[in-house]
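Assemble the whole structure, with the sequences as input and the hints as a guide.
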Amino acid sequence: MNEQHPNILVLRLSSLGDIVLSSPVYKNLKAAWPDARITLMVKPAFSQALAGHPDIDEILVAKPTLWGCISQVRAGHYTHFLDLHATLKSILIGWFSRIPNRARYDKNTLARRMFVKFHKSSPVLEKHTLEKYLEALKAWNIPVKYKEPKLGDWAYRSTETSGRKINKIGIFQTSFIGDSVLTTPLIKKTKKLFPDTQIVVITRPQTEDIFKPLPEVSEVILNDKRGWNKIAGVWKTARAIKKSGIDILLVPHRSFRSALIAWLSGVPIRIGFTSSEGWFLYTKTVPFNWMIHDAERNLSLLQGIAKEQFGGEKLTMSFTPSAEENVARLLKDFNLEGKKLVGIHAGSAWPTKCWPQAYFVELIGKLQTELGVQCVLVGGGKQDTDLGEKICQLAQGHAASLCGKTSLADLMALMKHLSLFITNDSGPMHIATAFDVPTLAIFGPTTRELGFFPYGQGHRVLEVKDLPCRPCALHGGKKCPLGHFKCMKDITPDEVFKNAKEMMKM
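Be aware that the sequence shown starts at -9, since it is given in the working numbering, and climbs by one per residue.
Just so you know, these hints were derived from the structure itself, not from any lab. Note that beta-carbon positions come from the ideal geometry of N, C-alpha and C, so glycine has one too. Check each hint, because a few of them may be wrong.
[Said to hold, decoys possible] Quick list of simulated restraints, FRET-style, between CB atoms:
id: 1; residue 1: Asn325; residue 2: Asp186; range: 47 to 57 Å
id: 2; residue 1: Ser312; residue 2: Ala348; range: 32 to 42 Å
id: 3; residue 1: Lys128; residue 2: Pro24; range: 13 to 23 Å
id: 4; residue 1: Phe270; residue 2: Ala296; range: 36 to 46 Å
id: 5; residue 1: Lys202; residue 2: Trp269; range: 37 to 47 Å
id: 6; residue 1: Asn325; residue 2: Lys233; range: 42 to 52 Å
id: 7; residue 1: Glu314; residue 2: Pro34; range: 53 to 63 Å
id: 8; residue 1: Glu314; residue 2: Arg229; range: 47 to 57 Å
id: 9; residue 1: Ala296; residue 2: Glu267; range: 18 to 28 Å
id: 10; residue 1: Asp186; residue 2: Leu254; range: 19 to 29 Å
id: 11; residue 1: Trp225; residue 2: Val51; range: 53 to 63 Å
id: 12; residue 1: Lys79; residue 2: Trp269; range: 20 to 30 Å
id: 13; residue 1: Glu125; residue 2: Lys491; range: 17 to 27 Å
Structural data, given as C-alpha coordinates:
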(Lines of atoms letter the chains of each structure in order from A and count residues from 1; the text may use other names and numbers.)
(Lines give C-alpha, C1' and ligand atoms only; values in the text may rest on other atoms or scores of the structure.)
Protein backbone atom coordinates (compact mmCIF):
# COMPACT_ATOMS: atom_id res chain seq x y z
CA MET A 1 0.00 0.00 0.00
CA ASN A 2 1.15 3.55 -0.70
CA GLU A 3 0.45 6.76 1.20
CA GLN A 4 -2.93 7.09 -0.57
CA HIS A 5 -3.97 3.57 0.51
CA PRO A 6 -2.33 3.04 3.91
CA ASN A 7 -2.86 -0.17 5.85
CA ILE A 8 -3.01 1.10 9.44
CA LEU A 9 -2.79 -0.87 12.67
CA VAL A 10 -3.95 0.95 15.80
CA LEU A 11 -3.02 -0.75 19.06
CA ARG A 12 -5.07 -0.07 22.19
CA LEU A 13 -5.20 -3.33 24.11
CA SER A 14 -7.30 -2.17 27.07
CA SER A 15 -9.25 -1.00 28.93
CA LEU A 16 -12.84 -0.49 27.86
CA GLY A 17 -13.06 3.23 28.60
CA ASP A 18 -9.77 3.98 26.84
CA ILE A 19 -10.81 1.97 23.79
CA VAL A 20 -14.13 3.79 23.51
CA LEU A 21 -12.36 7.14 23.94
CA SER A 22 -10.15 6.38 20.95
CA SER A 23 -13.08 6.38 18.50
CA PRO A 24 -12.44 9.91 17.08
CA VAL A 25 -8.94 8.79 16.07
CA TYR A 26 -10.32 6.46 13.40
CA LYS A 27 -12.72 9.07 12.10
CA ASN A 28 -9.86 11.52 11.61
CA LEU A 29 -7.71 8.88 9.90
CA LYS A 30 -10.47 8.03 7.44
CA ALA A 31 -11.23 11.72 6.85
CA ALA A 32 -7.60 12.30 5.85
CA TRP A 33 -7.12 8.96 4.05
CA PRO A 34 -10.54 7.78 2.79
CA ASP A 35 -9.06 4.68 1.15
CA ALA A 36 -7.14 3.57 4.22
CA ARG A 37 -7.75 0.20 5.83
CA ILE A 38 -7.84 0.49 9.62
CA THR A 39 -7.35 -2.42 12.01
CA LEU A 40 -7.74 -2.08 15.78
CA MET A 41 -5.82 -4.53 17.96
CA VAL A 42 -7.39 -5.18 21.39
CA LYS A 43 -7.46 -7.83 24.11
CA PRO A 44 -10.17 -10.52 23.73
CA ALA A 45 -12.35 -9.08 26.52
CA PHE A 46 -12.77 -5.81 24.61
CA SER A 47 -13.22 -7.09 21.06
CA GLN A 48 -16.84 -5.85 20.88
CA ALA A 49 -16.24 -2.36 22.25
CA LEU A 50 -15.82 -0.78 18.80
CA ALA A 51 -16.84 -3.74 16.66
CA GLY A 52 -19.44 -1.67 14.83
CA HIS A 53 -17.36 1.49 14.38
CA PRO A 54 -18.02 2.74 10.84
CA ASP A 55 -14.36 3.67 10.28
CA ILE A 56 -12.74 0.47 11.57
CA ASP A 57 -12.37 -2.30 8.99
CA GLU A 58 -11.17 -5.07 11.28
CA ILE A 59 -10.84 -5.89 14.96
CA LEU A 60 -7.71 -7.92 15.61
CA VAL A 61 -7.86 -9.89 18.87
CA ALA A 62 -4.40 -9.92 20.45
CA LYS A 63 -2.68 -13.22 21.21
CA PRO A 64 -1.83 -13.81 24.89
CA THR A 65 1.94 -13.73 24.41
CA LEU A 66 4.24 -10.98 23.19
CA TRP A 67 5.68 -13.08 20.35
CA GLY A 68 2.20 -14.18 19.35
CA CYS A 69 1.19 -10.52 18.95
CA ILE A 70 4.32 -9.74 16.96
CA SER A 71 3.60 -12.63 14.60
CA GLN A 72 0.01 -11.40 14.12
CA VAL A 73 1.19 -7.90 13.30
CA ARG A 74 3.87 -9.06 10.88
CA ALA A 75 1.31 -11.16 9.01
CA GLY A 76 -0.85 -8.08 8.41
CA HIS A 77 1.75 -6.27 6.27
CA TYR A 78 0.80 -2.93 7.75
CA THR A 79 2.24 0.35 6.48
CA HIS A 80 1.43 2.41 9.59
CA PHE A 81 1.45 1.59 13.29
CA LEU A 82 -0.27 3.86 15.83
CA ASP A 83 0.44 2.95 19.45
CA LEU A 84 -2.29 4.28 21.76
CA HIS A 85 -1.29 1.91 24.56
CA ALA A 86 2.24 3.17 25.20
CA THR A 87 3.58 0.40 27.44
CA LEU A 88 6.72 -1.66 27.15
CA LYS A 89 4.75 -4.46 25.48
CA SER A 90 3.23 -2.18 22.85
CA ILE A 91 6.60 -0.53 22.20
CA LEU A 92 8.20 -3.94 21.62
CA ILE A 93 5.36 -4.99 19.32
CA GLY A 94 5.91 -1.85 17.27
CA TRP A 95 9.67 -2.26 17.20
CA PHE A 96 9.78 -5.92 16.16
CA SER A 97 6.90 -5.62 13.72
CA ARG A 98 9.15 -3.58 11.37
CA ILE A 99 6.28 -1.36 10.23
CA PRO A 100 7.87 1.63 8.45
CA ASN A 101 5.63 4.42 9.79
CA ARG A 102 5.18 4.39 13.56
CA ALA A 103 3.60 6.92 15.93
CA ARG A 104 2.85 6.72 19.64
CA TYR A 105 0.75 8.77 22.04
CA ASP A 106 2.51 10.31 25.04
CA LYS A 107 0.93 9.13 28.28
CA ASN A 108 3.30 11.35 30.32
CA THR A 109 4.30 8.48 32.58
CA LEU A 110 6.96 10.41 34.50
CA ALA A 111 4.69 13.37 35.20
CA ARG A 112 1.93 11.05 36.42
CA ARG A 113 4.28 9.24 38.79
CA MET A 114 5.69 12.50 40.15
CA PHE A 115 2.14 13.70 40.83
CA VAL A 116 1.10 10.50 42.61
CA LYS A 117 4.32 10.14 44.63
CA PHE A 118 5.18 13.75 45.40
CA HIS A 119 2.02 15.73 44.43
CA LYS A 120 4.13 17.63 41.92
CA SER A 121 1.71 18.96 39.33
CA SER A 122 2.46 19.48 35.64
CA PRO A 123 0.54 21.24 32.83
CA VAL A 124 0.58 18.03 30.78
CA LEU A 125 -1.64 16.34 33.35
CA GLU A 126 -4.44 18.79 32.60
CA LYS A 127 -4.90 17.29 29.14
CA HIS A 128 -7.58 14.69 28.65
CA THR A 129 -6.47 11.27 27.42
CA LEU A 130 -8.44 11.79 24.22
CA GLU A 131 -6.51 14.99 23.52
CA LYS A 132 -3.29 13.03 23.82
CA TYR A 133 -4.58 10.36 21.43
CA LEU A 134 -5.39 13.01 18.85
CA GLU A 135 -2.03 14.72 19.29
CA ALA A 136 -0.35 11.48 18.19
CA LEU A 137 -1.84 12.03 14.71
CA LYS A 138 0.43 15.05 14.25
CA ALA A 139 3.28 12.68 13.43
CA TRP A 140 1.48 11.88 10.16
CA ASN A 141 0.13 15.43 9.60
CA ILE A 142 -3.44 14.26 10.13
CA PRO A 143 -5.76 17.23 10.80
CA VAL A 144 -8.13 16.82 13.74
CA LYS A 145 -11.72 17.39 12.60
CA TYR A 146 -13.46 15.08 15.07
CA LYS A 147 -12.81 15.63 18.76
CA GLU A 148 -15.57 13.67 20.54
CA PRO A 149 -17.00 10.16 20.41
CA LYS A 150 -20.43 9.82 18.79
CA LEU A 151 -23.16 7.31 19.47
CA GLY A 152 -22.77 5.58 16.11
CA ASP A 153 -19.13 4.83 16.86
CA TRP A 154 -20.09 1.71 18.79
CA ALA A 155 -23.12 0.44 16.89
CA TYR A 156 -23.62 -3.31 16.90
CA ARG A 157 -23.50 -4.86 13.45
CA SER A 158 -26.02 -7.57 14.26
CA THR A 159 -28.86 -8.14 16.69
CA GLU A 160 -30.16 -11.01 18.72
CA THR A 161 -33.70 -10.07 17.80
CA SER A 162 -33.49 -10.90 14.09
CA GLY A 163 -36.32 -13.11 12.95
CA ARG A 164 -38.34 -13.01 16.17
CA LYS A 165 -41.46 -11.01 16.90
CA ILE A 166 -41.13 -8.41 19.62
CA ASN A 167 -44.36 -7.75 21.52
CA LYS A 168 -43.13 -5.81 24.55
CA ILE A 169 -40.02 -3.79 25.35
CA GLY A 170 -39.35 -2.85 28.96
CA ILE A 171 -37.36 0.18 30.12
CA PHE A 172 -36.04 -0.06 33.67
CA GLN A 173 -35.35 3.29 35.36
CA THR A 174 -35.66 3.50 39.15
CA SER A 175 -33.34 6.44 39.83
CA PHE A 176 -34.04 10.07 40.71
CA ILE A 177 -36.42 12.49 39.01
CA GLY A 178 -33.78 13.98 36.73
CA ASP A 179 -32.55 10.59 35.58
CA SER A 180 -36.14 9.57 34.86
CA VAL A 181 -36.76 12.67 32.75
CA LEU A 182 -33.59 11.94 30.78
CA THR A 183 -34.99 8.50 29.96
CA THR A 184 -37.94 9.90 28.01
CA PRO A 185 -36.02 10.23 24.70
CA LEU A 186 -35.20 6.51 24.94
CA ILE A 187 -38.90 5.73 25.32
CA LYS A 188 -39.81 7.93 22.38
CA LYS A 189 -37.13 6.50 20.08
CA THR A 190 -37.89 2.91 21.06
CA LYS A 191 -41.52 3.38 20.08
CA LYS A 192 -40.46 4.91 16.75
CA LEU A 193 -38.22 1.96 15.98
CA PHE A 194 -40.77 -0.63 17.11
CA PRO A 195 -44.18 1.00 16.54
CA ASP A 196 -46.11 -2.27 16.93
CA THR A 197 -44.66 -3.09 20.34
CA GLN A 198 -45.91 -2.10 23.76
CA ILE A 199 -43.55 -0.07 25.97
CA VAL A 200 -43.48 -1.05 29.64
CA VAL A 201 -41.68 1.21 32.13
CA ILE A 202 -40.39 -0.09 35.46
CA THR A 203 -39.92 2.82 37.88
CA ARG A 204 -40.39 4.03 41.46
CA PRO A 205 -43.73 5.29 42.84
CA GLN A 206 -42.12 8.74 43.22
CA THR A 207 -41.48 9.01 39.45
CA GLU A 208 -44.61 7.29 38.14
CA ASP A 209 -46.13 10.63 37.10
CA ILE A 210 -43.24 11.23 34.69
CA PHE A 211 -43.93 8.12 32.64
CA LYS A 212 -47.66 7.39 33.03
CA PRO A 213 -48.94 10.28 30.87
CA LEU A 214 -46.57 9.50 27.97
CA PRO A 215 -48.56 8.25 24.95
CA GLU A 216 -45.79 5.78 24.10
CA VAL A 217 -46.10 3.98 27.46
CA SER A 218 -48.61 1.12 27.67
CA GLU A 219 -47.89 -0.05 31.22
CA VAL A 220 -46.02 1.08 34.34
CA ILE A 221 -44.63 -1.43 36.85
CA LEU A 222 -43.76 0.06 40.24
CA ASN A 223 -40.61 -0.89 42.11
CA ASP A 224 -40.67 0.38 45.70
CA LYS A 225 -37.18 0.58 47.22
CA ARG A 226 -38.12 1.90 50.66
CA GLY A 227 -37.87 -0.03 53.92
CA TRP A 228 -38.64 -3.75 53.75
CA ASN A 229 -39.64 -3.27 50.11
CA LYS A 230 -35.98 -2.70 49.30
CA ILE A 231 -35.47 -6.46 49.75
CA ALA A 232 -38.92 -7.90 49.10
CA GLY A 233 -39.34 -5.56 46.13
CA VAL A 234 -36.59 -7.35 44.23
CA TRP A 235 -38.64 -10.54 43.97
CA LYS A 236 -41.96 -8.72 43.62
CA THR A 237 -40.71 -6.55 40.75
CA ALA A 238 -38.98 -9.47 39.01
CA ARG A 239 -42.23 -11.45 39.11
CA ALA A 240 -44.21 -8.48 37.75
CA ILE A 241 -41.80 -8.09 34.84
CA LYS A 242 -41.95 -11.81 34.08
CA LYS A 243 -45.75 -11.81 34.25
CA SER A 244 -45.90 -8.83 31.88
CA GLY A 245 -44.25 -10.90 29.12
CA ILE A 246 -41.49 -8.46 28.20
CA ASP A 247 -39.26 -9.65 25.32
CA ILE A 248 -36.45 -7.08 25.64
CA LEU A 249 -35.41 -5.13 28.72
CA LEU A 250 -33.34 -1.93 28.43
CA VAL A 251 -31.76 -0.87 31.73
CA PRO A 252 -30.29 2.67 31.90
CA HIS A 253 -30.01 2.36 35.70
CA ARG A 254 -26.55 1.03 36.56
CA SER A 255 -27.07 -0.43 40.03
CA PHE A 256 -26.52 -4.09 40.90
CA ARG A 257 -30.08 -4.26 42.24
CA SER A 258 -31.53 -3.29 38.86
CA ALA A 259 -29.36 -5.83 37.07
CA LEU A 260 -30.36 -8.52 39.58
CA ILE A 261 -34.06 -7.83 39.09
CA ALA A 262 -33.59 -7.95 35.31
CA TRP A 263 -31.83 -11.33 35.59
CA LEU A 264 -34.42 -12.79 37.98
CA SER A 265 -37.23 -11.69 35.65
CA GLY A 266 -36.00 -14.12 33.00
CA VAL A 267 -36.43 -11.63 30.13
CA PRO A 268 -34.57 -13.28 27.21
CA ILE A 269 -32.75 -10.15 26.03
CA ARG A 270 -31.43 -7.83 28.76
CA ILE A 271 -29.30 -4.85 27.76
CA GLY A 272 -27.39 -2.62 30.18
CA PHE A 273 -24.19 -0.60 30.35
CA THR A 274 -20.68 -2.01 30.63
CA SER A 275 -20.22 0.15 33.76
CA SER A 276 -23.23 -1.38 35.52
CA GLU A 277 -22.40 -2.99 38.84
CA GLY A 278 -24.21 -6.09 37.59
CA TRP A 279 -22.98 -6.03 33.98
CA PHE A 280 -22.44 -9.81 33.98
CA LEU A 281 -26.19 -10.37 34.51
CA TYR A 282 -27.07 -8.87 31.12
CA THR A 283 -27.17 -10.72 27.82
CA LYS A 284 -25.56 -7.73 26.10
CA THR A 285 -23.81 -4.59 27.30
CA VAL A 286 -23.24 -1.23 25.62
CA PRO A 287 -20.22 0.99 26.39
CA PHE A 288 -20.87 3.80 28.85
CA ASN A 289 -19.28 7.10 27.86
CA TRP A 290 -18.96 10.10 30.20
CA MET A 291 -18.30 12.46 27.29
CA ILE A 292 -21.87 12.62 26.01
CA HIS A 293 -25.08 13.77 27.66
CA ASP A 294 -26.94 11.28 29.84
CA ALA A 295 -29.97 11.36 27.55
CA GLU A 296 -27.72 10.40 24.63
CA ARG A 297 -26.11 7.67 26.72
CA ASN A 298 -29.54 6.19 27.41
CA LEU A 299 -30.28 6.19 23.69
CA SER A 300 -27.10 4.22 23.08
CA LEU A 301 -28.74 1.18 24.70
CA LEU A 302 -30.71 0.81 21.48
CA GLN A 303 -27.47 -0.06 19.70
CA GLY A 304 -27.95 -3.50 21.22
CA ILE A 305 -31.11 -4.20 19.21
CA ALA A 306 -31.00 -1.95 16.14
CA LYS A 307 -28.39 -1.03 13.55
CA GLU A 308 -29.08 2.63 12.93
CA GLN A 309 -27.39 5.51 14.73
CA PHE A 310 -29.19 7.49 17.40
CA GLY A 311 -29.22 10.98 18.79
CA GLY A 312 -31.08 14.26 18.62
CA GLU A 313 -34.23 13.05 20.36
CA LYS A 314 -35.90 15.72 22.47
CA LEU A 315 -36.90 15.18 26.05
CA THR A 316 -40.63 14.59 26.02
CA MET A 317 -43.05 14.83 28.92
CA SER A 318 -46.72 15.51 29.50
CA PHE A 319 -49.07 16.04 32.41
CA THR A 320 -52.68 15.34 33.33
CA PRO A 321 -55.57 17.81 33.00
CA SER A 322 -56.03 17.71 36.78
CA ALA A 323 -52.45 18.93 37.24
CA GLU A 324 -53.15 21.86 34.94
CA GLU A 325 -56.22 22.71 37.02
CA ASN A 326 -54.20 22.56 40.25
CA VAL A 327 -51.59 24.93 38.83
CA ALA A 328 -54.22 27.37 37.60
CA ARG A 329 -55.68 27.42 41.12
CA LEU A 330 -52.25 28.00 42.70
CA LEU A 331 -51.44 30.86 40.34
CA LYS A 332 -54.74 32.48 41.24
CA ASP A 333 -54.31 31.93 44.99
CA PHE A 334 -50.82 33.47 44.94
CA ASN A 335 -51.85 36.33 42.63
CA LEU A 336 -49.44 35.19 39.93
CA GLU A 337 -51.80 35.18 36.96
CA GLY A 338 -50.62 37.22 33.99
CA LYS A 339 -47.20 37.94 35.48
CA LYS A 340 -43.83 37.16 33.93
CA LEU A 341 -42.63 34.28 36.07
CA VAL A 342 -39.11 32.99 36.75
CA GLY A 343 -38.95 29.59 38.41
CA ILE A 344 -36.26 28.90 40.99
CA HIS A 345 -35.23 25.60 42.51
CA ALA A 346 -32.88 26.36 45.39
CA GLY A 347 -32.66 22.86 46.88
CA SER A 348 -31.02 19.53 46.18
CA ALA A 349 -30.72 16.13 47.78
CA TRP A 350 -27.00 16.95 48.20
CA PRO A 351 -26.09 20.03 50.31
CA THR A 352 -22.96 20.84 48.30
CA LYS A 353 -25.07 21.19 45.16
CA CYS A 354 -26.96 24.10 46.72
CA TRP A 355 -25.99 27.64 45.79
CA PRO A 356 -25.89 29.70 49.01
CA GLN A 357 -29.27 30.76 50.37
CA ALA A 358 -28.17 34.40 50.73
CA TYR A 359 -27.17 34.46 47.06
CA PHE A 360 -30.66 33.36 46.00
CA VAL A 361 -32.17 36.10 48.14
CA GLU A 362 -29.96 38.75 46.51
CA LEU A 363 -30.69 37.38 43.03
CA ILE A 364 -34.46 37.40 43.61
CA GLY A 365 -34.28 41.03 44.69
CA LYS A 366 -32.42 42.00 41.51
CA LEU A 367 -34.82 40.11 39.27
CA GLN A 368 -37.85 41.75 40.83
CA THR A 369 -36.60 45.32 41.21
CA GLU A 370 -34.55 45.61 38.01
CA LEU A 371 -36.51 43.41 35.62
CA GLY A 372 -39.96 43.45 37.19
CA VAL A 373 -40.39 39.69 37.06
CA GLN A 374 -42.02 37.52 39.72
CA CYS A 375 -39.90 34.70 41.15
CA VAL A 376 -41.55 31.42 42.04
CA LEU A 377 -39.74 28.91 44.24
CA VAL A 378 -40.49 25.25 43.55
CA GLY A 379 -39.53 21.95 45.15
CA GLY A 380 -40.92 19.00 47.02
CA GLY A 381 -40.42 17.53 50.46
CA LYS A 382 -39.94 19.17 53.83
CA GLN A 383 -36.35 20.26 53.15
CA ASP A 384 -37.32 22.19 50.00
CA THR A 385 -40.44 23.57 51.71
CA ASP A 386 -38.49 24.93 54.69
CA LEU A 387 -35.82 26.39 52.39
CA GLY A 388 -38.44 28.03 50.14
CA GLU A 389 -40.22 29.65 53.07
CA LYS A 390 -36.95 30.93 54.52
CA ILE A 391 -35.84 32.46 51.22
CA CYS A 392 -39.24 34.10 50.72
CA GLN A 393 -39.07 35.65 54.20
CA LEU A 394 -35.59 37.04 53.58
CA ALA A 395 -36.59 38.25 50.09
CA GLN A 396 -39.29 40.42 51.74
CA GLY A 397 -42.16 39.54 49.45
CA HIS A 398 -40.22 39.53 46.18
CA ALA A 399 -40.93 35.81 45.65
CA ALA A 400 -43.69 33.27 46.11
CA SER A 401 -43.00 29.77 47.37
CA LEU A 402 -44.91 26.85 45.85
CA CYS A 403 -42.53 24.41 47.53
CA GLY A 404 -44.45 21.49 48.96
CA LYS A 405 -47.64 22.64 47.27
CA THR A 406 -47.15 20.90 43.91
CA SER A 407 -47.01 17.25 42.99
CA LEU A 408 -44.57 16.07 40.35
CA ALA A 409 -47.36 16.32 37.76
CA ASP A 410 -48.20 19.84 38.98
CA LEU A 411 -44.56 20.88 38.61
CA MET A 412 -44.62 19.72 35.00
CA ALA A 413 -47.83 21.65 34.36
CA LEU A 414 -46.32 24.78 35.92
CA MET A 415 -43.42 24.83 33.47
CA LYS A 416 -45.41 26.27 30.57
CA HIS A 417 -46.04 29.39 32.68
CA LEU A 418 -42.32 30.12 33.23
CA SER A 419 -40.10 32.40 31.13
CA LEU A 420 -36.89 31.17 32.74
CA PHE A 421 -35.82 28.50 35.21
CA ILE A 422 -32.84 29.03 37.54
CA THR A 423 -31.70 25.95 39.37
CA ASN A 424 -29.00 23.92 41.02
CA ASP A 425 -27.96 20.64 39.39
CA SER A 426 -31.16 18.76 40.23
CA GLY A 427 -34.15 16.84 38.92
CA PRO A 428 -36.40 19.88 38.27
CA MET A 429 -33.67 21.21 35.96
CA HIS A 430 -34.33 18.34 33.56
CA ILE A 431 -38.10 18.78 33.83
CA ALA A 432 -37.70 22.42 32.79
CA THR A 433 -35.60 21.54 29.75
CA ALA A 434 -38.12 18.85 28.78
CA PHE A 435 -40.75 21.58 28.49
CA ASP A 436 -38.40 23.90 26.54
CA VAL A 437 -38.09 26.40 29.39
CA PRO A 438 -34.77 28.30 29.05
CA THR A 439 -32.75 26.92 31.94
CA LEU A 440 -29.86 28.54 33.80
CA ALA A 441 -28.09 25.90 35.89
CA ILE A 442 -25.55 26.52 38.66
CA PHE A 443 -23.00 23.71 38.95
CA GLY A 444 -20.63 23.40 41.91
CA PRO A 445 -19.27 19.99 42.95
CA THR A 446 -20.49 18.41 39.71
CA THR A 447 -19.39 19.34 36.19
CA ARG A 448 -20.77 19.29 32.66
CA GLU A 449 -18.41 16.43 31.82
CA LEU A 450 -20.43 14.05 34.00
CA GLY A 451 -23.17 14.30 31.39
CA PHE A 452 -26.09 15.68 33.40
CA PHE A 453 -26.12 19.26 32.17
CA PRO A 454 -29.33 20.84 30.73
CA TYR A 455 -30.20 18.94 27.58
CA GLY A 456 -30.94 20.85 24.37
CA GLN A 457 -30.33 24.30 22.93
CA GLY A 458 -30.72 27.66 24.64
CA HIS A 459 -29.67 26.59 28.14
CA ARG A 460 -26.61 27.69 30.14
CA VAL A 461 -24.40 26.27 32.87
CA LEU A 462 -22.51 28.53 35.28
CA GLU A 463 -19.50 26.96 36.97
CA VAL A 464 -16.05 27.81 38.31
CA LYS A 465 -13.91 26.08 35.72
CA ASP A 466 -10.43 26.61 37.15
CA LEU A 467 -10.94 24.76 40.44
CA PRO A 468 -8.77 21.60 40.44
CA CYS A 469 -10.98 19.97 43.10
CA ARG A 470 -13.99 19.78 40.75
CA PRO A 471 -15.73 17.41 40.47
CA CYS A 472 -15.37 16.20 44.05
CA ALA A 473 -18.07 13.53 43.68
CA LEU A 474 -20.43 12.05 41.13
CA HIS A 475 -23.59 13.31 42.84
CA GLY A 476 -22.31 15.86 45.35
CA GLY A 477 -21.84 15.50 49.10
CA LYS A 478 -22.93 16.66 52.54
CA LYS A 479 -20.09 19.16 52.88
CA CYS A 480 -17.15 20.52 50.92
CA PRO A 481 -14.21 18.06 51.37
CA LEU A 482 -11.76 20.99 51.50
CA GLY A 483 -13.95 23.29 53.60
CA HIS A 484 -13.91 26.35 51.31
CA PHE A 485 -16.97 25.65 49.09
CA LYS A 486 -15.45 27.93 46.43
CA CYS A 487 -17.20 26.04 43.64
CA MET A 488 -20.46 27.68 44.70
CA LYS A 489 -19.37 30.78 46.61
CA ASP A 490 -17.33 32.09 43.67
CA ILE A 491 -20.43 32.18 41.44
CA THR A 492 -21.83 35.58 42.38
CA PRO A 493 -25.46 36.79 42.26
CA ASP A 494 -24.33 39.47 39.80
CA GLU A 495 -23.03 36.82 37.40
CA VAL A 496 -26.23 34.80 37.61
CA PHE A 497 -28.35 37.93 37.17
CA LYS A 498 -26.34 38.99 34.11
CA ASN A 499 -26.93 35.63 32.45
CA ALA A 500 -30.59 35.57 33.42
CA LYS A 501 -31.09 39.01 31.90
CA GLU A 502 -29.39 37.93 28.65
CA MET A 503 -31.46 34.75 28.45
CA MET A 504 -34.70 36.71 28.94
CA LYS A 505 -33.50 39.34 26.45
CA MET A 506 -34.40 42.17 28.75
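Evaluation of the provided hints:
1. With their beta carbons about 50 Å apart, Asn325 and Asp186 fall inside the hinted range of 47 to 57 Å.
2. Remark: the range hint 32 to 42 Å for Ser312 to Ala348 is upheld by a beta-carbon distance near 37 Å.
3. Checked against the hint of 13 to 23 Å, the pair Lys128 and Pro24 passes, with Cβ atoms roughly 20 Å apart.
4. Take Phe270 and Ala296: their Cβ atoms lie about 24 Å apart, and the range 36 to 46 Å is violated.
5. Distance hint for Lys202 and Trp269: a CB-CB separation of about 30 Å, inconsistent with the stated range 37 to 47 Å.
6. A hinted range of 42 to 52 Å holds for the C-beta pair Asn325 and Lys233, which are about 50 Å apart.
7. For Glu314 and Pro34, the hinted distance range of 53 to 63 Å is satisfied, since their beta carbons lie about 56 Å from each other.
8. Look at Glu314 against Arg229: about 36 Å separates their beta carbons, and that is not inside 47 to 57 Å.
9. Between Ala296 and Glu267 the beta carbon distance is about 26 Å. The supplied range of 18 to 28 Å therefore holds.
10. A hinted range of 19 to 29 Å for the beta carbons of Asp186 and Leu254 is consistent with their spacing of about 28 Å.
11. Separation of Trp225 from Val51 is about 40 Å and departs from the stated range, judged on CB atoms against 53 to 63 Å.
12. Checked against the given bound of 20 to 30 Å, the beta carbons of Lys79 and Trp269, roughly 26 Å apart, stay inside it.
13. Taking the beta carbon of each, Glu125 and Lys491 are about 40 Å apart, not inside 17 to 27 Å as hinted.
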